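J.: Each chain, letter by letter, is given below.
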Amino acid sequence: MPIVKSLKVVGHRTINSVWRLGYASRFFVLTIYYSGASFRRFHLTVKEMFSSGVMSLIIILVAGMFVGMVLGLQGYETLKRYGSESALGSLVALSLVRELGPVLAALLFASRAGSAMTAEIGLMKATEQIAAMEMMAVNPIARVIGPRFWAGVISMPLLSALFSAMGVFGGYVVGVVLIGVDEGSFWSQMQSSVDFQHDVMNGVIKSFVFGVAVTVIALFEGFDAPPTAEGVSGATTRTVVESSLAILILDFILTAFMFRGD
Amino acid sequence: MTLPKGKVIAVMGGSGCGKTTLFRIIGGALKPTKGHVKVDGQVIHELDQKELYEMRRKMGVLFQFGALFTDMSVFDNVAFQMREHTDLPEEIIRDLVMMKLNAVGLQATHGLMPAELSGGMARRVALARTVALDPMLILYDEPFAGLDPISLSVVGNLIRRLNDALGATSVIVTHDVQESLKIVDYNYFIDSGVIVAEGTPAEIRASQMPYVRQFVNGEIDGPVPFHYPGGDYKHDLGVTA
Chain A
1219 MPIVKSLKVV GHRTINSVWR LGYASRFFVL TIYYSGASFR RFHLTVKEMF
1269 SSGVMSLIII LVAGMFVGMV LGLQGYETLK RYGSESALGS LVALSLVREL
1319 GPVLAALLFA SRAGSAMTAE IGLMKATEQI AAMEMMAVNP IARVIGPRFW
1369 AGVISMPLLS ALFSAMGVFG GYVVGVVLIG VDEGSFWSQM QSSVDFQHDV
1419 MNGVIKSFVF GVAVTVIALF EGFDAPPTAE GVSGATTRTV VESSLAILIL
1469 DFILTAFMFR GD
Chain B
124 MTLPKGKVIA VMGGSGCGKT TLFRIIGGAL KPTKGHVKVD GQVIHELDQK
174 ELYEMRRKMG VLFQFGALFT DMSVFDNVAF QMREHTDLPE EIIRDLVMMK
224 LNAVGLQATH GLMPAELSGG MARRVALART VALDPMLILY DEPFAGLDPI
274 SLSVVGNLIR RLNDALGATS VIVTHDVQES LKIVDYNYFI DSGVIVAEGT
324 PAEIRASQMP YVRQFVNGEI DGPVPFHYPG GDYKHDLGVT A
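Sequence order for the protein chains is A and B. So the first sequence is numbered by this note's numbering: it starts at 1219 and just counts up by one. So the second sequence is numbered by this note's numbering: it starts at 124 and just counts up by one.
Because the hints were derived from the structure by calculation, they are not lab data. Quantities reported herein were computed from a predicted structural model and do not represent experimental measurements. Any given hint could turn out to be false.
To be verified - Cross-link-like lysine to aspartate or glutamate pairs, in silico, EDC-like; alpha carbons within 20 angstroms at most:
hint: 1; chain 1: A; residue 1: Lys1265; chain 2: B; residue 2: Asp199
hint: 2; chain 1: B; residue 1: Lys154; chain 2: A; residue 2: Glu1346
hint: 3; chain 1: A; residue 1: Lys1265; chain 2: B; residue 2: Asp299
hint: 4; chain 1: A; residue 1: Lys1265; chain 2: B; residue 2: Asp194
From just these sequences and the hints, can you work out the full model?
T.: This is the structure we're talking about:
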């Protein structure tokens, strides 16, 4: 009976998905609950901020620079048609601060640091390091997951800000230095159009939310990975795919709330 | 099954017989479907998480391949529990770690990372970490797996010596009969989750039970069959006659 078999498969997958969602939610709640240790022994969080944040700096800065340069080129071409080249600074800054900075920095963070977190936790599980910690009466959520979670959440807005700053610099290099847009109007238009509360803070909130989403997905996938080479590799792939989708979906939802009717 | 204080007890049996399950139940990582495990007067599976963690502080567990924390040095691995569970000053921790490492003959490796150790050395460092807080019960999961003959003797010898020095109780889950018979006080043989034989090393060596004889002598066929049961060989070859 192929129909019955198909129904069984669909049912099994649905139950499994709901179970995993529940497990992930419980994991997230426990991570928050046991976060005290991450702040009491802040050196653990700082160490993780180095490996997830500082080690992602190069890719974030280089990518930010080139995205800004592309924005400078494309923006100039479009604005020239309407005789508004002087608004290039506004276009570059608003695009980066509101949208591209948080989203692209989060996507890069998920690929670089998120996948590394999943692989690390997954391998710790496969080599029984997590089990050993439990048997030593040390809660792995408090000792391993908490510091990594907060390191990701703190790093993400900072990386996003650096991405935007480098992007603005890239836009300046292309627009002002190479194409010859007036430097005064480039900066003054940017200054007058970018609102700290409305644009910058909303961008910070976005990157904070993305940081929570990416880090939780990465840590959960590692913690839940089957303890085999194939299991860890599958978990790493899932982290990148799920994080990327989560970032884009959350971005739409947040944008709809933050900038509606503007 | 009783595990008297101060003794080294081996739990033996073939792969999949339930040794590791028993090991996990004693450590509180699994709950039994029937029966119970009592350690120091407390039923393990009835403890809540806080009580279980309190109990685990009195236990030491050596995992099959050591399970050393790969992002920490040898020193930090051994110091881990001291830093987590005590308020000892760093100078005292340093002295204690050096004493533990010296006990396993690896005091000079304190600055190395686990990746720089051989398999036997990693197992000895893990042993030093296991006894870091002087546990009353030490559980060993396949401590002899994958070791060369010299490392095997060294680890076996250390298990015995450390147990006697600490006055602890040790449970070794293993299928290495020859090495465990040299160092243990008592043996249990498990098959399909049931104790099928028990005795002192001398009794085990003299046993005429087919299961024990097959195990001790390493015979390839017997109560533990060479062929995995199920399936008809002729049918698989397509022979119908």
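J.: Please write out, lowest number first, the hints stated earlier that are contradicted by the structure.
T.: 3
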